[in-house]
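Number of protein chains: 2
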Amino acid sequence: MGAGPDSARPTATDDAQSLTAGNMEFALERAVDVLARTPGTLRALLLDVGEEWARGTEGPDTFSPFDNIGHLIDGEETDWMPRARIILAQGKNRTFEPYDRFRHRARNAGRTLDSLLDEFARLRAENLRVLASWQLTEKQLDLRGEHPGLGAVTLRQLLSAWVVHDLGHIAQVARVMAKQYRAEVGPWVPYLPVLTDHEVPRS
Amino acid sequence: MGAGPDSARPTATDDAQSLTAGNMEFALERAVDVLARTPGTLRALLLDVGEEWARGTEGPDTFSPFDNIGHLIDGEETDWMPRARIILAQGKNRTFEPYDRFRHRARNAGRTLDSLLDEFARLRAENLRVLASWQLTEKQLDLRGEHPGLGAVTLRQLLSAWVVHDLGHIAQVARVMAKQYRAEVGPWVPYLPVLTDHEVPRS
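Note that the protein sequences, when read in sequence, are chains A and B. Counting from 1, one number per residue, gives the positions in the first sequence under my numbering. Counting from 1, one number per residue, gives the positions in the second sequence under my numbering.
These are calculated hints, taken from the structure and not from any lab test. Every value quoted in this text rests on a predicted model; they were computed, and no experiment measured them. Quick reminder that beta carbons are idealized off the backbone N, C-alpha and C, glycines included. Among these hints, one or two may not hold up.
[Said to hold, decoys possible] Straight-line distance between alpha carbons at most 25 Å, and here's what the computed SDA-like set of lysine to any residue pairs gives:
id, chain 1, residue 1, chain 2, residue 2
1, A, K139, B, G151
2, B, K139, A, V189
3, B, K139, A, K92
4, A, K139, A, E97
5, A, K139, B, K92
6, B, K92, A, M81
7, B, K92, A, G186
8, A, K139, B, P187
9, B, K139, A, G186
10, A, K139, A, M81
11, A, K139, B, E52
12, A, K139, B, V189
13, B, K139, B, G151
14, A, K92, B, K92
15, B, K139, A, A183
[Said to hold, decoys possible] Coverage of chain A stretches by chain B, computed from C-beta distances (three or more under 8 Å per stretch; other residues unrestricted):
id, region
16, 42-54
17, 166-172
18, 175-189
[Unchecked claim] Ranges between beta-carbon positions, derived for each pair:
id, chain 1, residue 1, chain 2, residue 2, range
19, B, S133, A, P82, 44 to 54 Å
20, B, V32, A, P82, 38 to 48 Å
21, A, N93, B, L128, 49 to 59 Å
22, A, P193, B, W134, 22 to 32 Å
23, B, E52, A, Q135, 15 to 25 Å
24, B, T137, A, D61, 31 to 41 Å
25, B, V32, A, R85, 40 to 50 Å
26, A, A106, B, A36, 33 to 43 Å
27, B, E25, A, D142, 47 to 57 Å
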């Protein structure tokens with residue numbers, strides 16, 4: 001193995017190709033590309049996965065995979081795009097509504113995970129359609145709103161945070177699923193760091 | 001929203017449906033179902049994602065998304081199934097070969113991420129085909145081999161660790177991608193815990 005069809009392409013070492021963490025510049029097209037991937041990624045991981053994987057948590061008051069999808073739906077409905085609209089409007093009051101991290105609990109009682117995955121995909125696609133229709137300029141990305149806890153933030157920072165928030169919840173879903181097998185891996189625990197991440201869950 | 005087509009189904013509160021972490025019993029069919037999802041999950045997240053997302057790391061000597069896929073390929077070729085075969089054979093020497101965590105670096109120089117994603121999917125599908133053909137019994141799942149660092153392990157623990165290892169690397173890929181935007185989210189860092197996970201990377 002290892003001699004794939006592309007093995008004759010120009011070669012670079014890993015060192016040369018590795019970038020340093022945290023220095024990637026925001027670019028709208030690249031950010032939207034990642035936002036567009038999230039519903040498909042989560043469907044691949046979770047669609048029809050069964051109740052045990054869907055409902056496991058990291059302990060009391062932590063999110064199951066089901067809760068994570070509910071929380072992402074809340075983000076589509078109440079957080080990212082409403083806040084972007086507040087920034088773009090540049091009205092007198094530019095302070096965002098606080099984000100209710102537990103809105104989904106009552107909202108989704110009795111729902112199935114698969115229906116939440118479908119709903120999230122629909123809401124995300126619609127939000128990205130609207131976002132594209134705005135044809136945002138660099139100048140608009142520099143406009144500011146007021147975060148209730150963090151103070152002044154730009155539209156660029158809001159959209160960057162949306163991307164990071166998505167990726168954080170993909171990581172969380174995978175981590176929560178992994179932890180369900182903590183007892184079953186026996187002596188492997190120290191070789192599988194995902195099992196001991198967030199011993200005191202922070203999200 | 002919230003009144004989806006399934007909202008009339010029997011309702012249970014999150015509390016009632018939430019399971020405690022770490023207590024899920026291994027079941028071959030459910031484990032294989034998760035193993036079968038990993039290539040599709042990673043393709044949804046990474047196929048054609050571009051060099052900047054593909055090659056970013058968490059700092060020196062840490063894995064980029066590209067490295068993660070290479071490492072998973074190494075697992076297909078040198079780790080999980082070869083070790084399962086050693087256990088099932090119950091020969092005189094049941095000690096596993098050590099797992100070279102950096103085999104992929106030289107192996108995949110000059111490869112593209114997309115070709116690695118394709119190769120991983122092909123190797124995983126073939127391994128799961130062989131695994132299914134074994135029609136493992138509960139008694140076989142209790143058979144033991146010798147891990148070079150961890151001592152005696154059962155086939156059940158090996159297969160559980162394979163699942164957890166997959167999920168850990170999905171979490172890692174998402175986390176590494178998230179960290180590329182650490183500077184761009186501005187004041188949002190404390191609200192996005194994925195950005196400060198693994199400040200000293202462990203994998």
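Hint check:
1. A:K139 <-> B:G151: violated (60 Å)
2. B:K139 <-> A:V189: This hinted pair holds, its Cα atoms lying about 23 Å apart.
3. B:K139 <-> A:K92: Not satisfied, since the Cα-Cα distance of roughly 70 Å exceeds 25 Å.
4. A:K139 <-> A:E97: OK: A:K139 and A:E97 at ~24 Å, within 25 Å.
5. A:K139 <-> B:K92: violated (70 Å)
6. B:K92 <-> A:M81: violated (63 Å)
7. B:K92 <-> A:G186: holds (23 Å)
8. A:K139 <-> B:P187: Holds, at roughly 20 Å.
9. B:K139 <-> A:G186: Roughly 17 Å separates the two Cα atoms, so the pair holds.
10. A:K139 <-> A:M81: Satisfied, since the Cα-Cα distance of roughly 18 Å is no more than 25 Å.
11. A:K139 <-> B:E52: holds (24 Å)
12. A:K139 <-> B:V189: Satisfied, since the Cα-Cα distance of roughly 23 Å is no more than 25 Å.
13. B:K139 <-> B:G151: Holds. B:K139 to B:G151 sits at ~20 Å (cutoff 25 Å).
14. A:K92 <-> B:K92: violated (78 Å)
15. B:K139 <-> A:A183: Holds, at roughly 19 Å.
16. 42-54: This one holds; 8 residues, not fewer than the three required, reach chain B with a Cβ under 8 Å.
17. 166-172: holds (count 5)
18. 175-189: As far as the region 175-189 of chain A goes, the hint holds, because 14 residues have Cβ atoms under 8 Å from chain B.
19. B:S133 <-> A:P82: 44 to 54 Å: Since the Cβ atoms of B:S133 and A:P82 sit about 53 Å apart, the hinted range of 44 to 54 Å holds.
20. B:V32 <-> A:P82: 38 to 48 Å: holds (42 Å)
21. A:N93 <-> B:L128: 49 to 59 Å: holds (56 Å)
22. A:P193 <-> B:W134: 22 to 32 Å: This hint holds: roughly 30 Å between Cβ atoms.
23. B:E52 <-> A:Q135: 15 to 25 Å: holds (23 Å)
24. B:T137 <-> A:D61: 31 to 41 Å: holds (40 Å)
25. B:V32 <-> A:R85: 40 to 50 Å: Holds - the Cβ-Cβ distance for B:V32 and A:R85, about 45 Å, lies within 40 to 50 Å.
26. A:A106 <-> B:A36: 33 to 43 Å: holds (34 Å)
27. B:E25 <-> A:D142: 47 to 57 Å: holds (53 Å)
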